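Starting from two chains that each stand alone, build the complex the way the hints lay out.
So the protein lines, in turn, are chains Z and F.
Numbered per the working numbering, the first sequence spans residues 17 to 131.
Numbered per the working numbering, the second sequence spans residues 158 to 274.
Check before you lean on any hint, since a few could be wrong.
As the list claims (entries may be wrong) - The calculated SDA-like cross-link candidates involving lysine to any residue, where the alpha carbons are at most 20 Å apart (straight line), are:
hint	chain 1	residue 1	chain 2	residue 2
1	Z	K71	Z	L84
2	Z	K57	F	T164
3	Z	K82	Z	S106
4	Z	K57	F	M246
5	Z	K57	F	G167
6	F	K261	Z	F44
7	F	K261	Z	T47
8	F	K230	F	Q165
9	F	K261	Z	E124
10	F	K261	Z	T119
11	F	K261	Z	T73
12	Z	K36	Z	L92
13	F	K261	Z	N118
14	Z	K82	Z	S34
15	Z	K82	Z	S70
16	Z	K57	F	T162
17	Z	K57	F	V272
18	Z	K57	F	E201
19	F	K227	F	S210
20	F	K227	Z	N118
I should point out that these hints are in silico values taken from the structure, not numbers from a laboratory.
All of these numbers come straight from a predicted model, not from anything done at the bench.
One-letter residues, chain by chain:
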Amino acid sequence: GAVVSQHPSWVICKSGTSVKIECRSLDFQATTMFWYRQFPKQSLMLMATSNEGSKATYEQGVEKDKFLINHASLTLSTLTVTSAHPEDSSFYICSARRGTGNTIYFGEGSWLTVV
Amino acid sequence: AQKITQTQPGMFVQEKEAVTLDCTYDTSDPSYGLFWYKQPSSGEMIFLIYQGSYDQQNATEGRYSLNFQKARKSANLVISASQLGDSAMYFCAMREGSPGGGNKLTFGTGTQLKVEL
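Bound conformation, chain F alone (with noise of 0.2 Å):
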């Protein structure tokens, strides 16, 4: 099974309305870290919004906020007032275990956004 599935592959928003970029993830740790890049067709990927296993509450950072649902292992990203700027790849990650030695990502097949004016 998929550790991390985006089933979007391709989003359309208009500037300045909001946008849900789908993550849902498969992980049998009870400690794990999911997070959400962004990357423009410059290649290079920008971190965007962490959220803990164990947090209590959903990370936000600025226009975006993570709308963490563990019983249904969904981690959605949300992006408001969209800005033409925010055309690009967006990938959700998961690390499994603690925060350590060992952070490798496991990354989604990536979704695709594209606001319009």
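Just chain Z, same shape as in the assembly (with noise of 0.2 Å):
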């Protein structure tokens, strides 16, 4: 089963309206989990590390304002996009790696369109 999960699949929201996709650990304890955007057709691309009690860490080009991460506790990241726009629509995915193997798990990811 699942071992990171991933809420909403699919939200379809407003432009100029801000939307929140969640990303969980079941049953076990992430202190940095990652969140990843994809175009169709288009590999993944990091867009920040998000790190338990502390700000997230955002790559080269993404904008921390308008991509909002936080990872309030070992089980639970959240990505809120702000002000969302029409290209703002993309498949969000988050990862994390499980105790101290070397298996990443990634979440279902969602499906965000911005109308």
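Structure, rendered in structure tokens:
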């Protein structure tokens, strides 16, 4: 079964509104989670590294005021797309490493459509 | 230079045949890890196999094996006995440095595999 869960799987929002996507690690604690963005038929691009109890680290070119990341607990990271625009429509997916193993698990992903 | 290169945008294979998906990487870090993920049309990323830079043997997981050639910096995925359900996008990814808090992955551009009857 899934070890990392994302919610919602699909969301449609109006331009100018904000939308929050949750990423939860199931039955394990993740001090670090990662948020990726994927445009259709393209690869995954890392947006930011979410650190529990501290500020997220954003990749170059990613607007931190637009993509707010909060890692309030060891099992939950949230990505909030503020003042969404149609160009923000994309597939957003999070990942976390389980324990000290090498496997990095991904959430199911969230499809965001801004109309 | 690209850190992860997948040169095959698309591949076709007949059911029950084996297929090799290519991946080359570029890093100066002696410690790194290589991953393969499968992404079906639903979008989820499914972990398939992992190879550490210090692993002596090639990784295998069921029908998946990783042909790790360190000197050539290649980490090709071999899928044996292809099944229709293997049709998906496949991504090669690399983690630089030792496993730890920072496990961000760099992904290749992917290979779309289609298994035919």
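Here is how each hint holds up against the structure:
Of the supplied pair hints, the one linking K71/Z and L84/Z holds, its CA atoms being roughly 10 Å apart against a limit of 20 Å. For the proposed pair K57/Z and T164/F, the alpha carbon gap of about 15 Å is at most 20 Å, so the pair holds. A threshold of 20 Å between alpha carbons decides the hint, and for K82/Z with S106/Z the separation of about 14 Å falls inside it, so the pair holds. Our distance criterion of 20 Å between C-alpha atoms is met by K57/Z and M246/F, whose separation comes to about 9 Å.
Our distance criterion of 20 Å between C-alpha atoms is met by K57/Z and G167/F, whose separation comes to about 11 Å. About 18 Å separates the Cα atoms of K261/F and F44/Z, which keeps this hinted pair within 20 Å; it holds. Restraint check: the Cα-Cα separation between K261/F and T47/Z comes to about 13 Å, which is no more than 20 Å; the hinted pair holds. Among the hinted pairs, K230/F with Q165/F is consistent with the structure: their alpha-carbon atoms are about 17 Å apart, no more than 20 Å.
Note on K261/F and E124/Z: the hinted pairing holds, with a Cα-Cα distance of about 17 Å set against a maximum of 20 Å. For the hint linking K261/F to T119/Z, the alpha-carbon distance of about 12 Å falls within 20 Å, and the restraint holds. For the proposed pair K261/F and T73/Z, the alpha carbon gap of about 11 Å is at most 20 Å, so the pair holds. Proximity of K36/Z to L92/Z is assessed by CA-CA distance (about 12 Å); at most 20 Å being required, the pair is judged to hold.
Our distance criterion of 20 Å between C-alpha atoms is met by K261/F and N118/Z, whose separation comes to about 12 Å. Restraint check for K82/Z and S34/Z: the C-alpha separation of about 9 Å stays at or below 20 Å, so the hint holds. Only pairs whose Cα atoms come within 20 Å are accepted, and K82/Z paired with S70/Z is accepted, the gap being roughly 18 Å. Taking the CA atoms of K57/Z and T162/F, the gap is about 16 Å. The hint holds against a cut of 20 Å.
Annotation: proposed proximity of K57/Z to V272/F holds, straight-line Cα distance about 18 Å (limit 20 Å). For the suggested pair K57/Z and E201/F, the alpha carbons sit about 13 Å apart, so the restraint of at most 20 Å is met. Distance hint between K227/F and S210/F is fulfilled; the C-alpha atoms sit about 8 Å from each other, no more than 20 Å. With a C-alpha separation of about 18 Å, the suggested pairing of K227/F with N118/Z holds against the 20 Å cut-off.
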